[in-house]
Structures are given as C-alpha cells and as structure tokens.
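Read left to right, the sequence shown gives residues 1 to 290 (the numbering used here).
Keep in mind that a hint or two might mislead.
Label pairs and their in silico Cβ distance ranges [said to hold, decoys possible]:
(1) A40 - P276: 19 to 25 Å
(2) A119 - A198: 33 to 39 Å
(3) R235 - A87: 43 to 49 Å
(4) R258 - Y283: 15 to 21 Å
Bear in mind the hints are in silico, worked out from the structure with no lab data behind them.
Heads up, the beta-carbon is just placed ideally off N, CA and C, and yes, glycines get one too.
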Amino acid sequence: MSPVIQSFFHAATNTWSHLVSNGDGTAAAVIDPVLDFDPASGRISTESAQALIAAVHAHRLRVEWLLETHAHADHLTAADWLRRELAAEGHPARTAIGAGIVAVQQHWKSVFDLGEDFAADGSDFDHLIADGEHLPLGDLTIEALATPGHTSDGMSYRVGDAVFVGDTVFSPAAGTGRCDFPGGDAAQQFRSIQRLYALPEATRLFLCHDYPPRDAEPREAVDLVEQRSGNAQLRRDTDESDYVARRRARDATLPVPRLLYPALQVNIRAGRLPPPAGNGTAYLRIPLRV
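Could you build the full structure based on these sequences and the hints that come with them?
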C-alpha cells in the first residue's frame with residue numbers, strides 16, 4: 001500500500017516535514033513539523049506550521065498523530081502549536097516519540113539545570129512509542145522501527161511502502177547522520193541502517209533533512225535500492241568496523257549545530273516553550289564554557 005504523502009521543506013533548517021494520509025477525508029499523521037525561530041531576535045513564528053494546517057484543511061484530513069523521529073538538535077518542533085490549534089478546531093491529535101526520549105530528557109535536564117518542575121519521564125508527550133508498536137491511522141497502520149545511533153531515541157515510522165527515517169540516513173550523497181551527540185553510537189547506527197536496508201526493495205525512504213548542492217533541488221525521498229547501493233558512507237556491503245571508524249573520524253570535525261541549545265530545550269518538552277519567568281517572558285538557556 002502506498003500512502004498519500006505531502007512533504008514540506010523548511011529551507012532555513014533544511015528540514016522536511018511530512019503529512020501522511022490515505023487520501024482526502026481520511027485520518028492523517030504529521031511527522032517532524034517545524035517551528036520558525038530566529039536566534040538573533042528570539043522571534044518565534046508559525047508560518048511553516050500554518051502551511052501544514054492549510055493542507056490539512058484543503059484535504060479535509062483528521063490529524064491523529066504528531067510524530068517526532070527524535071528530539072532534534074537543528075530545529076524547533078511545532079508539535080505543541082499544532083496540537084493546540086487542532087484541539088481548538090475540535091480535532092485532538094496526540095504527540096508521540098520513541099520511548100528513548102526519557103534518557104535524552106534526563107541528560108539535558110542536567111545540562112540546562114531545569115529543576116524539579118521538569119519531570120524527565122516522557123510525560124511531556126502524549127504517548128511514548130515502543131519498538132515494533134503499531135499505531136492505528138484510519139485504514140492505515142504506522143509501524144514503529146527503533147533506529148537509534150544518531151541519538152538514543154531515534155525512531156523510524158513505516159506506513160505501507162514508505163518509511164520516515166529521521167536523521168538516520170540522508171540522501172545518498174550526504175550519507176548518514178552524525179553520532180557524536182549524547183547517547184549517539186556509530187555501531188548502533190550501523191545496525192539500525194542495516195535494519196532499514198533489509199526492508200523490501202520497493203520501500204521509499206522519506207528524509208528529515210536534505211543538503212543539496214547549490215544547483216540541485218532538495219529531495220524528500222530516496223528509493224531503498226538507490227540508498228543501499230549509493231550511500232556515500234554506508235552501502236549494503238560496508239564493513240561495520242570501517243564504517244564506525246570513518247563515522248567517528250568525520251564527527252570529530254563537525255561543528256556544533258547552530259540551534260542545538262534552543263532546539264533541545266523546546267523539543268524535549270514536545271514543543272512547549274520553557275515556562276515564563278516572573279516578568280511573563282520565556283527564556284532559553286545557553287550553558288557557557290569559559
């Protein structure tokens with residue numbers, strides 16, 4: 001079965017968001033929505049998320065799930081804004097992420113010194129997804145495939161012949177996701193990608209990011225056969241030890257993501273902003289290293 005998929009590219013963060021359904025008037029899921037954020041001014045806006053809502057309205061969809069492939073370090077999720085907007089329209093949707101988010105929350109709670117008001121038990125999300133779990137979506141079913149390695153909470157979602165892979169793999173020329181974040185592990189990522197490579201050859205891999213050359217358009221999806229044979233860092237016949245060594249060497253040269261600290265403070269809360277201070281303004285923290 002091939003679901004109906006609309007993909008939305010957020011050029012400021014090179015992020016793909018996806019709207020999955022079985023056609024007009026059916027149940028739908030949103031995967032990896034983006035909240036617009038300007039770090040220089042602190043301005044947060046919802047233009048990108050409004051495009052998703054507009055598509056939902058245009059096709060008379062009932063959004064039931066707002067899914068995250070992991071707690072992203074390069075963009076802020078719009079899941080909470082979407083959840084509130086949909087609820088106000090009388091169509092409640094549930095936020096969900098892999099159960100590994102608890103370890104991620106516990107790590108960053110310490111980094112940001114969030115205090116006892118942040119539970120770090122996954123309760124910010126409506127549902128924590130287990131590996132192999134099946135989520136109902138009208139006539140469709142979402143199968144959860146744990147794909148840790150980039151992060152410990154990595155989860156891919158399989159709907160018919162489509163799999164939404166987060167940052168596990170990019171387009172073939174861009175290779176695979178980095179593994180040097182807390183909880184990341186290149187050997188674990190190797191095994192996760194082999195799990196994806198073992199899927200049926202007709203599988204389409206829908207990406208969370210693409211970083212195309214200047215003269216090329218970003219790609220939202222890659223056929224599995226092309227990915228297995230052409231991935232710049234991990235093909236089907238790549239040796240695990242060679243991959244781990246090369247992945248670690250490359251990760252040692254990569255800069256810290258520009259939105260790492262703002263993104264994680266919002267994303268571990270399922271898109272909720274930090275609680276406001278006494279003056280009514282919400283603040284994001286940046287740990288200083290002197």
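Results for each hint:
| no. | hint | in the structure |
| --- | --- | --- |
| 1 | A40 - P276: 19 to 25 Å | holds, 21 Å |
| 2 | A119 - A198: 33 to 39 Å | holds, 37 Å |
| 3 | R235 - A87: 43 to 49 Å | holds, 45 Å |
| 4 | R258 - Y283: 15 to 21 Å | holds, 19 Å |
The structure shown violates none of the earlier numbered hints.
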